[in-house]
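Residue numbers (my numbering), protein chains in the order written: chain G, 1 to 190; chain S, 1 to 119; chain Y, 1 to 866.
Keep in mind that a hint or two might mislead.
As the list claims (entries may be wrong) - Listed next, the in silico EDC-like pairs over lysine to aspartate or glutamate satisfying Cα-Cα at most 20 Å (straight line):
id, chain 1, residue 1, chain 2, residue 2
1, Y, LYS169, Y, ASP319
2, G, LYS90, S, GLU91
3, Y, LYS338, Y, GLU328
4, S, LYS118, G, ASP95
5, G, LYS90, S, ASP112
These are calculated hints, taken from the structure and not from any lab test.
The lines below spell out each chain.
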Amino acid sequence: MDTSIYWPTFLFWFFAAVCCMFAIGVVLATNIVRMAFYLVLSLAASSGLFFLAGADFVGAMQLMIYVGGTLVLLIFGVMLTSQAKFVSMKTSQFDWTLAALAGLCLLAVLISAALAIPEWKGLERAEAESLGIPQTATPLGMGLLGARVDAPQRSGYLLVFEIVSVHLLVVLVGAAYLARAKRKRSTAVG
Amino acid sequence: MITLPLANFLAQPVGVSQFVIVGAIMFTCGAVCMATKRNALGILMGIELVLNGANINFIAFGSPYLRSDAGSLGMDGQLMSLFVIVLAAAEAAVALAIALNFYNNFNSIDVDRANQLKG
Amino acid sequence: MDPQTVIPNLLTIAWLLPLASFVIIWIAYSLPQLFGSRASYAIQPYGAYLAVGTIGLAFVLSAVTLLGFWLPTYPLSSHGHAEHGEHHKHEPSGHDKAGHDAGGNENHDSSDDSSAHLLPSHSTSSPFRWASETTASATATHHDAASAERPHNNTPPPSISGNWYTLAKCGDLEITLGYYIDALTVTMFCMVTLIATCVHVYALGYMHDELQEFTDPEVTTHDGKKLKRPGRFHRFFQYLSLFSFSMLGIVLAGNLAMMFVFWELVGICSYFLIGFYTERKSASTAANKAFIVNRVGDFGMLVGLMALWSTLGTFAFGDITREDGTVEPGIFSQLHTKENHYHLEPSPGMIQWAARDKIKEVVLEKGGAAIPATIEELRHDPNHQYGHWLLLIAGLGLFCGCVGKSAQFPLHVWLPDAMEGPTPVSALVHSATMVAAGVYLVGRAYPIFIPEVLLVIAVVGSITLFLAATIALTATDIKRVLAYSTISQLGYMMLGLGLGGFVAGLFHLITHAFFKGLLFLGSGSVIHAVHTNEMTEMGGLRKKMPITAYTMLIGCFAIIGAGLPIVHLGYFGLSGFFSKDAIIEQSFSHMTRNEAPWLWLLFLLPVVGALMTAFYMFRLWFMTFAGQPRDQHRFDHAHESPRVMTVPLIILAIFAIGVAWEIPGINLSVPKLLEQARPIGTLATVEGNLMSELVIPTEHDSHAFEIRLPAGLMASGMAAVGLLLAALLYLWRVVDPAKVRHNLLVRPLYALLWHKWWFDELYDLVFVKPTLWIGRFVAGFDRSVIDSILHACTWICRAMSVIVDVVGDRTLIDRTVDGIASYTWRGGLSLRRVQTGRLRQYIMFLVVGTIILFMIATIWRAAVAG
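Assemble the whole structure, with the sequences as input and the hints as a guide.
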């Protein structure tokens, strides 16, 4: 039994801690900007987790799209909508309690589900060390184009790729339309 | 080689369940954030958190390092994760557009003010 | 031309002619009235002419039938035993068989004991003196009856019977329209049609008031004036035609059912005619009374009919020949079989019914084939009179109908009230024909009556004649006197028939029809002249109305039986003399044969009745036509009636004189016809079975000299005494009738007679008042109890419906439905509150829902795994 530190495990716990703590920070923060910042950090940590799990391409995409794109968009939105005087929007204690209770229940259920399956216990160290570092970009790309090279009996994702692409187009057009600049008018209700 | 008292704790490779736990925590935080934030963008952030938690799960299921048998999803997990990311981006764009519209009409980003659909 | 078919055809045509007249008058005059168009007075007489024409034609046909067909086919015997008139040598009739009784009636059976009936005296002597051989033969007959062998009885008379139409058939029992024609039928046809024709012609004149608007003097309207109404001339003749048709139907009827139908029809016609002046309360009440009292008698008749039908199986009088040649015996043949020498014996069916218990035993022992022998045994059983009680009931039942129809005691009360009808009605219906129908039925059903029944008939007849005669002594309404006289004479007829005098009773029927019809028409003529019925306002009218007066005088002499012996030629008398004397002779003969003292009353009463008849008839004549006028005003306005009314009077007077005489040249007289019609088995002297001391002597015995002489003398003597008394009181005024009336001794008697023996009051008290009381009680019961029950039921129904409505419908159902609706609404409203519109809450629901789903899945898995 090799009792030396298995560095992937250590890194996992590190990234997991960062991710979780900043996620909790998002929940507990009141300032919207701070929430945004904590979110950025959380998502970045989770991309680390992705790398650790062998999904290098996805991790990179996470950083690029999620953190670099989506969150930036979010921050733009924060900027656009915080023009008014800062109004304190505090939720009531009751809502907090209720949400906390529900969240804890959910967490309990999920964790119990996670710990319940014996196959998810993890590999032996020796086995894990024998595994190489995969290159996932090419297989992913090929898979998106329809050819699965890693597991040929499984189907390709060409159709899904097309759908998602068109979907993105539609959404962006729609979002652009929705958020167009309107003529100056008073704040009408409804 | 640094040996630690809790040797087993850091010596063994991590399994899927630890990833799923992390994903669960992310998900729960995202759900609570959605449930409690009055700011619309806060809710959006909660959505991002939820989606991210789901992503972690997907990656964990598709990772060859975490499971020994042939039960992992392999590329499927990562592909699905990619799609989730893309769709999350799309959905964030739309949601932001709605929130901006709402802000333009009501001059407030407080979702509690948006109860016109009250039955 | 076969007389067997011609005679029925002729008589049927004569019968249907008045029906045709009725129908035509009804269609032409009465039917349009229903639709509002009234025939004008100018053309109404034509209906009457049609009625007169048809009945006249019917008379012609009847006369042709009698003279042209009946007599040649069935000639009368050359010596009628009831004949009183001219002397005839008794010669043996050509129809007698060799060795038969010399000169005996062809009706006699040629079998045993004919020698006992030989009447050698017939061939030698006049009708005056039938030698004592007759009584000897009668006693011989009596002795023979006492022995085991029965003497012979007369065979069936010549008759034609058949069926026209079968109305209903049920197994062996049939109801048909048929005819039974014998000499009695033909005679009655002639009499009825002749008198009807006279009355129709008379009515043409009497009813001429109806040819314009009629003012009824006896009816006042509410504003005090006399009632004015349109005249109803045609209607009177319509009813008269219908009545003629019905009466001829009774005469022609070949079975009891058909007779009953026409019996009732005659009752209805009488009702219509009595109530002709419908607006008069007295007339309509009288019509009701007549019909109801008749119905009371018809109830008994139905009992008799039922008894006969159930045991004999047929209603028909005569034998009916079927198409296949079998002959079905009628009532007469079944009760007077050849084996029993045509004596009246109960039929096997009657014995079987009467001894049904014994027969049942026999059947159980020996089987059904032994029944006929057993019946014959039982028939000769001297200890039990099987079947005789049934015959008694049948006879009494039929007689009940006659009591009602012929106004005998106790159902006599309707006839005096029936005088409310116009006088032609009284003449035709209530003196000559309808009331005679009862006597005719007794005559027709004569073979059915056992001696006990005949005794009852005689007793009822005698009571009636005495009762009515006493009431007529004090009556002042001219029509009432004649009505009571009719009742009294009907009593004579019933008495005659009940004493065994078949020919005597029916002879009196025929003669009475003529002189009573004459008397009524005469009284109608008087009433028409002086416009009152009360004799106390008349007097001395013979100077103003001679024809009426002297024809009525003839009628009066006829009714009292006026006659004189003319030494070498026999008797000279009016018609009533012969017929009344026949009855009194028969009653004298009956009295000599029966020892019981009370049966002598049956001789005493008719004799006293003869005295009273003479008295009241001449009292009537003297008060009306003789003496000084009591009301000068009426006397001045009196005038003789027009020819159309006096000619029938004259014709009837001629018949009243001579109908009993024999027509010279042809061998025809009424008594001979009736003798030919003598029904089967009614000639011999019979003894009663249930009352063994009763003897009904044969009618031929009454022609013996020692019976005829005393009887005739007493009858004529009494009549003369009565006439004398009437003359003393009313013509010569030797004794003032008013003083007699107010005499202390006479006064209670006078009150009794003036109030008609209080019969009307008695019936009112015993029958009418209790019936009305019961009616009122039942009506009250109906109103208070039954209506209350009904109202309670309705109330319960309504209450239940209210309950169902309020409790059931509104509370349960409506509440349920409304409740469902409102719960749904409220449920929806409450669920609405879930839609708060708050985004965070929705998210919360998402989370909680997810948790719950997980929970369920976990628990499910745990439960399945565990």
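Status of the hints after comparison with the structure:
Taking the CA atoms of Y:LYS169 and Y:ASP319, the gap is about 17 Å. The hint holds against a cut of 20 Å. Taking the CA atoms of G:LYS90 and S:GLU91, the gap is near 26 Å; set against the 20 Å cutoff, the hint is violated. Restraint check for Y:LYS338 and Y:GLU328: satisfied, since their Cα atoms lie roughly 15 Å apart, inside the 20 Å limit. At roughly 19 Å between alpha-carbon atoms, S:LYS118 and G:ASP95 fall within 20 Å of each other, so this suggested pair holds.
A hinted pair counts as satisfied when its Cα atoms are at most 20 Å apart, and G:LYS90 with S:ASP112 qualifies at roughly 11 Å.
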